[in-house]
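With the sequences and hints as input, model every part of the structure.
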Amino acid sequence: MTQLANTLQQAVLPAYIELFELDCTAFGGSIYRFTNSIPTSGSYIPFGGLDYQLVPIHFGGLNESSDGSQPRPTLQISNVNKVLLGAVIALGDIVGAKVTRIRTFETFLDTGSTPDSTQRLVDVFYISQKTGQDKQFITFELCTGLERAQLRLPRRQCLKKLFPGIGGSSYR
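Sequential numbering from 141 applies to the sequence shown in the numbering used here.
Hints are computed from structural coordinates only; laboratory data are not their basis.
Just so you know, these numbers come straight off a predicted model, no measurement behind them.
Incorrect hints may appear among the rest.
[Said to hold, decoys possible] The calculated lysine-lysine pairs, modelled on DSBU-like cross-linking and capped at a C-alpha distance of 30 Å, are:
{"hint": "1", "residue 1": "Lys275", "residue 2": "Lys222"}
{"hint": "2", "residue 1": "Lys238", "residue 2": "Lys222"}
{"hint": "3", "residue 1": "Lys270", "residue 2": "Lys222"}
{"hint": "4", "residue 1": "Lys238", "residue 2": "Lys270"}
{"hint": "5", "residue 1": "Lys238", "residue 2": "Lys275"}
[As the list claims (entries may be wrong)] Quick list of the computed label-pair ranges, beta carbon to beta carbon:
{"hint": "6", "residue 1": "Gly226", "residue 2": "Thr142", "range": "35 to 41 Å"}
{"hint": "7", "residue 1": "Thr279", "residue 2": "Asn146", "range": "34 to 40 Å"}
{"hint": "8", "residue 1": "Gly232", "residue 2": "Ala145", "range": "37 to 43 Å"}
{"hint": "9", "residue 1": "Thr142", "residue 2": "Gly272", "range": "35 to 41 Å"}
{"hint": "10", "residue 1": "Asp274", "residue 2": "Gly182", "range": "24 to 30 Å"}
{"hint": "11", "residue 1": "Gln150", "residue 2": "Asp274", "range": "38 to 44 Å"}
{"hint": "12", "residue 1": "Leu286", "residue 2": "Pro154", "range": "21 to 27 Å"}
{"hint": "13", "residue 1": "Ala166", "residue 2": "Pro255", "range": "29 to 35 Å"}
{"hint": "14", "residue 1": "Leu286", "residue 2": "Asp233", "range": "18 to 24 Å"}
{"hint": "15", "residue 1": "Ala230", "residue 2": "Ala151", "range": "46 to 52 Å"}
{"hint": "16", "residue 1": "Asp250", "residue 2": "Gln150", "range": "17 to 23 Å"}
{"hint": "17", "residue 1": "Gly189", "residue 2": "Gly168", "range": "21 to 27 Å"}
{"hint": "18", "residue 1": "Ala151", "residue 2": "Gly182", "range": "27 to 33 Å"}
Glycine included, every Cβ here is placed at the ideal spot set by N, Cα and C.
What follows is the structure in structure tokens.
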């Protein structure tokens, strides 16, 4: 069993840490790293050799359902310090940017008692649309990788010549 699994089964859990990576490199931007967890010292949290800046964030709407629909969570990032505003304006509301949510415990941080960046739970989403922007927050609706705009499955076209055993013209 991994250290993370053992930690999750303890009666008293260490401090829960939530980290976010916003990857805008696919369309000429940068990678932004945020956290809404209060660091023990300074204004960032080190994890895996990377620094996550303290910015008020709200991640919500991640509901589990058994009807087959994909989750559509929302991400609100503080706009008070205008940390992300330049990228939103310059990169077309950053639609399509990859959002990675990393969940771990304080003991596994680089400054923790047992630092190990492999002990984490990861969720990957993509920005589907910007749903709001004001002086306080920028709000985005997220989608899963299967729901990304302009994505087709399978990713290549299937032609009858690729399936010779089916019988040529009878394949439809």
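Results for each hint:
no. : hint                           : in the structure
1   : Lys275 with Lys222             : holds, 9 Å
2   : Lys238 with Lys222             : holds, 20 Å
3   : Lys270 with Lys222             : holds, 16 Å
4   : Lys238 with Lys270             : holds, 14 Å
5   : Lys238 with Lys275             : holds, 24 Å
6   : Gly226 with Thr142: 35 to 41 Å : holds, 39 Å
7   : Thr279 with Asn146: 34 to 40 Å : holds, 37 Å
8   : Gly232 with Ala145: 37 to 43 Å : holds, 41 Å
9   : Thr142 with Gly272: 35 to 41 Å : holds, 39 Å
10  : Asp274 with Gly182: 24 to 30 Å : holds, 29 Å
11  : Gln150 with Asp274: 38 to 44 Å : holds, 41 Å
12  : Leu286 with Pro154: 21 to 27 Å : violated, 34 Å
13  : Ala166 with Pro255: 29 to 35 Å : holds, 30 Å
14  : Leu286 with Asp233: 18 to 24 Å : holds, 21 Å
15  : Ala230 with Ala151: 46 to 52 Å : holds, 49 Å
16  : Asp250 with Gln150: 17 to 23 Å : holds, 21 Å
17  : Gly189 with Gly168: 21 to 27 Å : holds, 25 Å
18  : Ala151 with Gly182: 27 to 33 Å : holds, 31 Å
Hint 12 from the earlier list is the only one contradicted by this structure; the remaining hints agree with it.
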